[in-house]
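Q: The residues making up each chain are set out below.
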Amino acid sequence: MRRALLLAAITIVLSACGEQGSIGGLLVMEGRHTVERRATLYGDLLVLDGQVEVRRGGRITGSVFVLSGDVEIAGRVDGDVAVVGGRVRITDEATIAGGLRRGGGEVDQAPGASVGSELVSPVTVDAIIGLTRPSAEPDGLTPWTLVQLAVLALLAAAAGRVAPRSIGRMSAAVRRQPLVPLAVGILALFVGLSLLVFMVFTAVLIPVALLLAMASVLGAGLGAVALGVLLVRRVLGPGWLGGRLGLQAAVGSAAVAAVVLLASRIPLIGELTVAGVGSIALGAWLVTRFGTREMPVEQP
Amino acid sequence: MPLGTRPSVLRARTVAPRAADWFGVAMLVGLLASGYVYNLTLVQIGLPDFGERVLGMTSSDVAWMMAGLAVVTAATAVLTAVTMQRLGWTSLRAKLRLAAVSAGGQTALTAQLGAVGDAGGLWLWLLAAGALLGAGIPAAFGLLVDLIPVRWRGYAAAAATALAYALASTLSGEWRAGSLASLLLPPMALGALGLLAFGFWRMPFAETLSRNRHDPRYGTGRYAGAGERRHLLVALVALFAIFFIDSFGFLRIIDTPAYLNAAWQSAEAGDRTFVAGAHVVGALVAGVLYTHLGYRSLLGWIFGLFALVHLMYLYDVRVMGGGSQVLAMPALYALGVSLYTVVNFAIWADVSTARNVGLMSAIGVAASAWTATFLSTALAISWNETRPLEAHLEWVAALALAGLLVVGAWQAYTPHRGSIRVAAR
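Going down the list, the protein sequences come from chains C and D.
Heads up, the first sequence stops at 299 in numbering that gives the first Met the number 0, and the numbers go up one at a time, no gaps.
Heads up, the second sequence stops at 424 in numbering that gives the first Met the number 0, and the numbers go up one at a time, no gaps.
Wrong hints could be hidden among the right ones.
Label-pair restraints from in silico Cβ distances [as the list claims (entries may be wrong)]:
no., chain 1, residue 1, chain 2, residue 2, range
1, D, R85, C, T201, 53 to 59 Å
2, C, T201, D, T57, 48 to 54 Å
3, D, S181, C, P206, 38 to 44 Å
4, D, G269, C, T201, 27 to 33 Å
5, D, E389, C, V258, 47 to 53 Å
6, C, A257, D, G269, 30 to 36 Å
Quick look at which bits of chain C chain D covers, simulated, 3 or more residues with Cβ under 8 Å [stated by the list, open to error]:
no., segment
7, 49-55
8, 144-157
Think of the hints as simulated: they come from the structure by calculation, not from any bench.
Think of the CB as a built atom: it goes at the ideal place given N, C-alpha and C, for glycine as much as any other residue.
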């Protein structure tokens with residue numbers, strides 16, 4: 000039990016270490032909330048219900064995503080405003096640096112409002128995924144990033160010591176048939192994202208959605224450690240560092256994270272790399288039944 | 000032998016493909032994809048438009064006509080397959096000739112569509128089209144044992160599915176019979192001429208390919224032999240249910256202009272490309288999973304996707320008032336459709352041998368795809384006038400969820416431990 004709890008804690012922390020080192024944003028589900036003059040809300044704002052007012056002089060550094068409820072914007076939004084449902088009022092004083100994307104709901108836009116671009120089209124999953132993207136460009140390999148990589152390596156080493164068999168099975172699955180974890184991961188991402196959004200819509204199932212999301216992030220984190228181990232064993236040989244899984248996991252995970260970080264600076268290739276690595280990691284966890292069994296293979 | 004060492008055994012037995020093999024693969028992928036594009040666009044979209052807009056028929060009359068087409072196609076497919084088996088028309092040449100006759104006939108019919116002036120004429124046109132389609136099914140599906148090695152069938156099916164849906168989704172911006180017919184005629188005529196040439200002229204690479212069916216790597220499906228009937232039964236029941244759920248739900252969804260115009264018939268090319276992209280991703284994913292994990296690994300995903308997407312539509316109708324333009328719904332729908340299309344393309348040859356592939360394919364496609372289409376169309380017509388969209392979607396979602404539960408129980412009851420079978424040379 001202690002091992003399982005430690006493993007869960009390690010993986011959650013591992014998974015939360017994104018490009019910016021944190022997952023930023025605010026979820027509004029009920030009540031009335033105000034971004035006052037000269038106040039700044041860092042990250043994205045997801046409005047599921049309730050009322051939100053961004054007063055003149057107030058600022059949101061990320062995007063605003065409105066599924067329901069009432070939103071009034073008189074201040075500045077650095078990212079996009081995406082409206083699926085609810086009511087949004089944009090006053091003359093408002094500035095939306097990104098775009099206004101409308102796929103539903105009601106939007107009352109004053110003629111004097113400054114909007115980067117307006118797109119009246121279906122709001123796609125991309126808009127929802129877009130919420131999780133950092134609103135600023137990554138800074139590259141700063142000292143803070145190196146510290147993050149070091150912490151990640153330590154956590155990966157601990158995960159390697161706590162769950163060596165699970166990581167070994169996931170690693171073997173990716174080594175034997177990399178396309179299978181990739182395919183399962185892609186399907187799981189498509190279905191999982193839609194399922195989570197759908198569950199959030201019901202409001203009642205939000206806790207379940209959060210649990211599912213955490214479990215998936217946990218699994219993908221373990222899968223990423225398995226990818227790191229595989230990378231080290233493929234490049235440097237299985238006996239490198241005395242064949243100790245913990246050390247291999249540390250070096251490999253840091254290398255995978257560094258590659259993803261560097262690739263994410265290149266448009267399109269970066270997004271494909273992040274999506275590919277995330278899909279394989281999640282898929283490896285799923286095809287091994289959460290790391291408990293070998294991946295079954297049926298070869299014609 | 001440890002499990003991890005087996006793939007190297009597989010690689011050791013793999014023979015480098017010859018140019019003729021690649022040609023055969025390309026030809027079959029093109030044949031399946033073009034046949035499916037013809038079915039998806041002109042038959043399923045163009046004919047209802049022609050009947051309603053040009054001839055002034057009611058939607059109910061047109062739907063009955065489409066159901067009639069399904070019956071004729073299914074019956075002709077089985078009859079043709081039985082005839083092929085009895086007369087020994089199982090060679091590559093015989094199947095190519097039959098496919099050429101089917102393609103040539105459909106090309107001629109498509110060229111004559113504009114001359115149809117009344118409902119009686121359209122009925123005759125549909126009966127002829129159904130008969131030609133039916134004759135082409137055992138021939139086209141039967142070619143898999145001549146042209147596609149067993150280990151590549153999943154990927155070939157994926158390529159055909161991706162190509163078909165990518166073309167159908169992006170090219171069919173205007174869902175009108177006339178424009179679809181003029182768009183399809185040149186490639187159809189070229190394809191028919193090519194098939195006629197391959198079928199009736201002696202060509203060296205065709206001779207090479209005709210020997211493939213005697214090679215177990217081609218001629219014996221991965222599920223043929225022990226347990227063949229069980230696999231056939233599972234595939235028949237599962238695909239019947241899937242075709243029924245898809246057709247039953249889709250008929251009502253595209254009957255709702257807001258949903259149709261936001262995705263499949265959107266004025267924005269980007270929206271149609273997005274749906275086409277989901278189809279392509281779904282096909283590639285299905286190709287990988289079918290090849291390495293088998294068809295049963297896909298059934299749960301297919302039922303699950305259909306359940307999820309119909310619940311999303313139901314939620315949209317019930318809570319949001321309907322007509323939502325969120326592209327996630329048609330994209331998920333496209334994903335599910337591509338998954339089962341890949342299974343449908345590959346499975347019938349994989350439960351067969353070279354001797355009975357035509358009959359097995361005809362039974363499979365007729366009993367699952369066309370019978371399900373006929374029944375769902377007939378039911379949808381009667382429900383269209385008596386039940387609102389919400390009640391209709393409730394049933395479709397319930398059926399998909401029930402399918403998911405049955406598949407889950409079946410897979411739990413008969414756990415899949417994985418197996419590797421290497422066909423002897």
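Q: Which of the stated hints cannot be reconciled with the structure, identified by number in ascending sequence?
A: 2, 3, 7, 8
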